[in-house]
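Undergrad: Spelled out from the first residue to the last, the chains are:
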Amino acid sequence: MMISVTAQTALMSQEHQLVQEEKFYCKNIGHSPSLLYSSRVNDGICDCCDGSDEYDGKVKCPNTCNDAIAIESLKRNVEVYQEGVTLRKQEIEQAKRAIARDRAELSMLKREREVVGKLVSQLDELVQKLEQEHEEEENKMSEARNEKVKNKKSGPEENADRQIEPMKTSDVEKKRQSGESPSDQNEKDEDKNSEGLSREELGQLVVSRWTGKKTGEQVKEIDQTKNDQENDGQVDGYKESVADNTSRQSWLNKIQETAQSFLNMFSTTIANLDATQIRKEYNDYTSKLSDINSRISSLTEKFKHDFGKENEFYLFYDRCFESEQDKYVYKVRPFKDATQKGDNSETLLGKWDEFGNSHRYMLFTDGDECWNGPDRSLKVKLRCGLKTELTGMDEPSRCEYAALMYTPVLCLDEKLEEFKQKLESIDQVQEQQWNHDEL
Amino acid sequence: MKMKQFAFFFLLFLASQTVHSWKKDEFRACDQTPFCKRARFRKLGSCTLIATDVSISDGDLTAKLIPKAKQYHDQDPIKPLTLSVSVYQYGILRLKIDEDPSSNPPKKRFQVPDVIVPEFEGKKLWLQSATTEKLDGDIGGLSSVVYLSDGYEAVLRHDPFEVYVREKAGKRRVVSLNSHGLFDFEQLRVKKEDEDWEERFRGHTDSRPYGPQSISFDVSFHESDFVYGIPEHATSFALKPTRGPGVEESEPYRLFNLDVFEYVHDSPFGIYGSIPFMVSHGKSGKSSGFFWLNAAEMQIDVLAKGWDADNGILMPTEQSRIDTFWMTEAGIVDTFFFVGPGPKDVVKQYMSVTGLPAMPQLFSTAYHQCRWNYRDEEDVENVDSKFDEHDIPYDVLWLDIEHTDGKRYFTWDKLLFPHPEEMQKKLVAKGRHMVTIVDPHIKRDDSFDLHKDASQRGYYVKDATGKDFDGWCWPGSSSYPDVLNPEIRSWWAEKFSYKNYIGSTPSLYIWNDMNEPSVFNGPEVTMPRDALHLGGVEHRELHNAYGYYFHMATADGLVKRGDGKDRPFVLSRAFFAGSQRYGAVWTGDNSADWDHLRVSVPMILSLGLTGMSFSGADVGGFFGNPDPELLVRWYQLGAYYPFFRGHAHHDTKRREPWLFGERNTALMRDAIRIRYTLLPYFYTLFREANVSGVPVVRPLWMEFPSDEAAFSNDEAFMVGNSLLVQGIYETRAKHASIYLPGKESWYDLRTGTSYKGGKTHKLEVSEDSIPAFQRAGTIVPRKDRLRRSSTQMMLDPFTLVIALNSSQEAEGELYLDDGKSFDFKHGAYIHRRFVFSNGHLTSSNMAPSPPGNSKFSSDCFVERIILLGYTPGAKTALVEPENQKAEIELGPLRFGEQHGAAAVTIRKPGVRVAEDWKIKFL
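Protein chains in written order, with my numbering: chain A, 8 to 446; chain B, 429 to 1350.
Keep in mind that the hints were calculated from the coordinates and are not lab data. Just to be clear, a hint being listed does not mean it is correct.
Calculated pairs, DSSO-like style, for lysine-lysine (alpha carbon to alpha carbon, straight line, at most 27 Å) [said to hold, decoys possible]:
| hint | chain 1 | residue 1 | chain 2 | residue 2 |
| --- | --- | --- | --- | --- |
| 1 | A | K422 | A | K96 |
| 2 | A | K30 | B | K1248 |
| 3 | A | K343 | A | K394 |
| 4 | A | K34 | B | K524 |
| 5 | A | K65 | B | K471 |
| 6 | B | K1081 | A | K358 |
| 7 | B | K993 | A | K65 |
| 8 | A | K386 | B | K1081 |
| 9 | A | K67 | B | K890 |
| 10 | B | K1283 | A | K65 |
| 11 | A | K65 | B | K858 |
| 12 | A | K30 | B | K1336 |
| 13 | A | K67 | B | K471 |
| 14 | A | K67 | B | K854 |
| 15 | A | K388 | B | K1081 |
| 16 | A | K388 | B | K492 |
| 17 | B | K471 | B | K451 |
| 18 | B | K596 | B | K524 |
| 19 | B | K1081 | A | K338 |
| 20 | A | K348 | B | K858 |
| 21 | B | K858 | A | K67 |
| 22 | A | K394 | A | K82 |
| 23 | B | K1081 | B | K842 |
| 24 | B | K535 | B | K890 |
| 25 | A | K103 | A | K348 |
Modelling step: build the complete structure from the supplied sequences, incorporating the hints.
TA: Spelled out as structure tokens, the structure:
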């Protein structure tokens, strides 16, 4: 049966229309029905599992709708999805709890900031006072020494340094006047020099134009990313020390007590204070405050992200997924970045950009530069699976990477229902056929 | 060593900085090429040779060329040259000039073998006698005149020597040689002690052991306004003058096969292929041609009017004459003059010398999908299934160099392509084919059997010292088979057997790239000129034909592989005169910009005019990323190229047709589908080329020889005699000016709207399509049912689109065969003629009867007949011989397009395409 489907409804308003799609309907009894491009009808290739697309009889198509393999795979899908849907729910529950915890932490941190902030400013005042006194004493003693150093300033080196700049620019100017651009010069240099190349070198020079290899691989030193990780580590360290909310409550109480005791100190005279002790406290609390601030900003940053409709991706935030393939270790850190690590190099494949296609893939962009190509990027397609794992790293287009990730988060209820229905319809038909045979 | 390495990497750095520029300096300009520079300085009339001892011998007119003036004693004696004029059927004069073998020159000069088809000698007319006449204005000078063909004569003027063909009536000259006395022939000689014959260029030294041996002469095309041909250049179709008044400094047109990285779109510079064949055309509506069979580097100047004015007029002033100047480094004079007079006659005459284009595999006339590189079997499967998912037809998937094991051709990368046969079978299940690349550079690797075999047999080209030439290409250190040698060609052909090419199946065909040959570390990225081939022939003498012999050997290999039953398909980048017999060519590594889209048309027209009918440009542009608009426009134009392939460099983004959003996918799908619906028409045109040499895609003036406005039009082109197509060559175009030639109307392919001929129309353009028209008076066969590939279309019914002219008449043809075997050579084909006149449409047989010993039959019906420009309002038609009535109604012009343009249609007339029938409109 031919039915007309307007596949390009959006285009209908166009003045000239492109050929409209006609589609063929396969009943596929015992299997799910499907729509087929009319180009597949009577083309000698069996497309519908019931063979109805080849009705002109030039080829004989066996009915494979009740194909055991197809049913098996459908059953397997149902199984995976059934378990996956449960796992997904758990994941969402866990995410909910984690969000609640993080929210609580954030509000706690804000309170801490207030308290500790106050404390730090008070300590600061104290320290200032102490220093003033100290300075006054010092000044008297050192005035005499300073006199001697004064004459030694503005040496000749500084002037010499400055003269280099204008010379450089005038050099370029000269070349311009003689009608040579700096790049012309480059080419000439290459020409001249290529004559001195060995035959192999010359061959490779020409190859390199095409492939960009050798010159192209812009591989960053590992150190760079190491530093980044260390920075993160600091935050994590703080997080661990304050991870438990109940113990933190008591900790906060303690600070408030300390604060009170300092306030009390103000009433006593400065002379009685232990200067070293105060400085130490001041330093400790300043660094604590900065830790709190950085934790607040990192949590605030985290909450800005889109974690999906049910925040199902929330737990991905601090995770790092790895996959080993062809000499490389790929690391994908959702909401952060993705890297490719070789023997002695690490390449940034991309920084977190966004989810795409209603959370069906993760996009990392703006990675390390690629010779004669786009900056590296990675698209991680998400599929339903019982374990969260990264596989199938690929580079379909130069410097545009793609990977697959299985995760229960993608095991959607609707999909499960769809598979179930298909399976049911097959079962029904099989039953009917069975009954029919009995008659 | 360390230092050198450093310098090398520094250079690589520089190279990467300037990567998007044509390396002009790497190639030799004329003034860096001694023979060219010297020739260009030659003065008018400086040739003092005269023809003596003129006689008829062995059916030829022969003579000796000697200097007129007495020589001084201290000069080297100038030895006489031998000259012969032969005459062949259809108005072809062959002029040969060589050194006299009896004067014992140091070396026999090279004559290019295996280009002239063996049948040609059989067409020789044996001259019996020459008449001698004294021409007006020649004081004492005599001329010998011989018969050439009905209405034409060949003339050898003795003093000064000049050869030309002329019309018998009126003595009008057609093509002449040495009319300006620029002829020069450097004879081989022994080196003098103080002489230095070496030539150096960019660190390369050419030992030139045989010294100077160049040849140059002038050729004039009379009553001509334009000259065309001599590909391959990325420039206008009508060749612009390169010297003379009003011409700024320009290089001559260079014919030297080179692998030019990122060639520019408007330059007389030589690129991948060379065909030293020029065609002229003029207001008289007449064409003539000139072909020089010589495979050494050639440079050709087209001279602007008045170039000879300063030097005193040697020839009577003609209103229309194009003078040209031809120079070559080595070889002999072996030239062919073609009298025409029609453009198609010239092409036929040329083809009778170099052979007719091969009949291609039907699948190869459909759409090809290529990329450097589809990286593994999974990628191949994905791309293949995406075409189905988007319902876009395609026929061939291509694999570039990365599919091999380390660029060792005939091998597969075991990791990426572990199951090549299975992969090909999967494609075959959908009626599709695969093409893999096989280049001439063979990796010098002792564990590589092909290399071991070639080196043990001594089958490689040798360097000047006699060792195997060792050059650098994709695999690194490489050597090149000496395909000049027929024995080596036959060895190479064997490598394509299923036994030798492991992993190949009958659905696998071949792509020859880099066969200029490309040598990355050679002078001008090619082989040194002093490299040695069979029989001590220097590479300089045959350079331009290397790729031709390689293409030939590969195509022969595919024929052998299929027991002579399967037509080969081999795409080659390099080519020479005669390459049309072996397969298709493409215009090499173009770029993704509008200028390259534009120049693809004149390039394809030039190729078609000089025999290479089966040609195309990479759709999308090889280098760079086309924006979606450019890509769509390229598909719309490419759908009318004879060879239609999308291809891309590996640094570019993926650009398969479904990657640019739904709208663009729909546009590209539509463009590709148009090609598929027109496949029966294209295939009929490929057959026409195969029997007559007339190219599939032709310049307007080939169909309208007297329409002056069409002479320099290379924006538009004809597909066969029925369709006119013009690309859109700029971004966001709203309008286009299109010249429609002739007196009859033209029908827009999409809307059926008619436009007057002989006028330039300013038309609105949309993104949907490029302007394309059917000429009134023609009938175009189509197959409108869309399929996955051409294979599934074999049994589909036909649609005939009849565009009536002002006298309500039209005619067209349809050629059909099995699409793959050689049985058509024995009569297994269907060739129909459809004629509409007096309100009757008749189908009649065009195949010679009785047919040969094998037959091809088809049960295909005609499912629709569409009439454009039909005025009498008949309601019914009578179909004979069954005498059945058929309704005449309004139906869509394009199949399945319910809201599109409508046209008078007969649905299901119930006639078979292969039978005789008549439909009367009542």
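Undergrad: Give a verdict on every hint.
TA: To see whether the hints hold, each was checked on the structure:
Our distance criterion of 27 Å between C-alpha atoms is met by K422/A and K96/A, whose separation comes to about 15 Å. At roughly 31 Å between alpha-carbon atoms, K30/A and K1248/B are farther apart than 27 Å, so this suggested pair is violated. In summary, the hint linking K343/A to K394/A is supported, as the alpha carbons are separated by about 21 Å, within the 27 Å threshold. As the CA atoms of K34/A and K524/B are separated by approximately 74 Å, the hinted pair breaks the 27 Å bound.
Taking the CA atoms of K65/A and K471/B, the gap is about 74 Å. The hint is violated against a cut of 27 Å. Of the pairs offered as hints, the one joining K1081/B and K358/A holds, with about 20 Å between alpha carbons and a cut-off of 27 Å not exceeded. A distance of roughly 25 Å separates the Cα atoms of K993/B and K65/A; the hinted pair therefore holds under the 27 Å criterion. Between K386/A and K1081/B the alpha-carbon distance is near 14 Å, which keeps this suggested pair within the 27 Å criterion.
About 59 Å separates the Cα atoms of K67/A and K890/B, which puts this hinted pair outside 27 Å; it is violated. For the proposed pair K1283/B and K65/A, the alpha carbon gap of about 21 Å is at most 27 Å, so the pair holds. Restraint check: the Cα-Cα separation between K65/A and K858/B comes to about 16 Å, which is no more than 27 Å; the hinted pair holds. Using a Cα cut-off of 27 Å, the hinted pair K30/A and K1336/B holds, with the two alpha carbons roughly 21 Å apart.
With a C-alpha separation of about 78 Å, the suggested pair K67/A and K471/B falls outside the 27 Å cut-off, and the hint is violated. Pair hint K67/A plus K854/B holds up; C-alpha atoms about 19 Å apart against a cutoff of 27 Å. Taking the CA atoms of K388/A and K1081/B, the gap is near 19 Å; set against the 27 Å cutoff, the hint holds. The suggested pairing of K388/A with K492/B is violated, with an alpha-carbon distance near 80 Å, which exceeds 27 Å.
Note on K471/B and K451/B: the hinted pairing is violated, with a Cα-Cα distance of about 33 Å set against a maximum of 27 Å. For the hint linking K596/B to K524/B, the alpha-carbon distance of about 23 Å falls within 27 Å, and the restraint holds. The straight-line distance between the Cα atoms of K1081/B and K338/A is roughly 24 Å, inside the 27 Å bound, and the hint therefore holds. Between K348/A and K858/B the CA atoms are separated by roughly 41 Å; this puts the pair beyond 27 Å, and the hint is violated.
With a CA separation close to 16 Å, the supplied pair K858/B and K67/A stays within the 27 Å bound. A distance of roughly 19 Å separates the Cα atoms of K394/A and K82/A; the hinted pair therefore holds under the 27 Å criterion. In summary, the hint linking K1081/B to K842/B is supported, as the alpha carbons are separated by about 26 Å, within the 27 Å threshold. This hinted pair checks out: K535/B and K890/B have alpha carbons roughly 18 Å apart, not beyond 27 Å.
For the hint linking K103/A to K348/A, the alpha-carbon distance of about 34 Å lies beyond 27 Å, and the restraint is violated.
Hint violations for this structure: numbers 2, 4, 5, 9, 13, 16, 17, 20, 25, all remaining hints satisfied.
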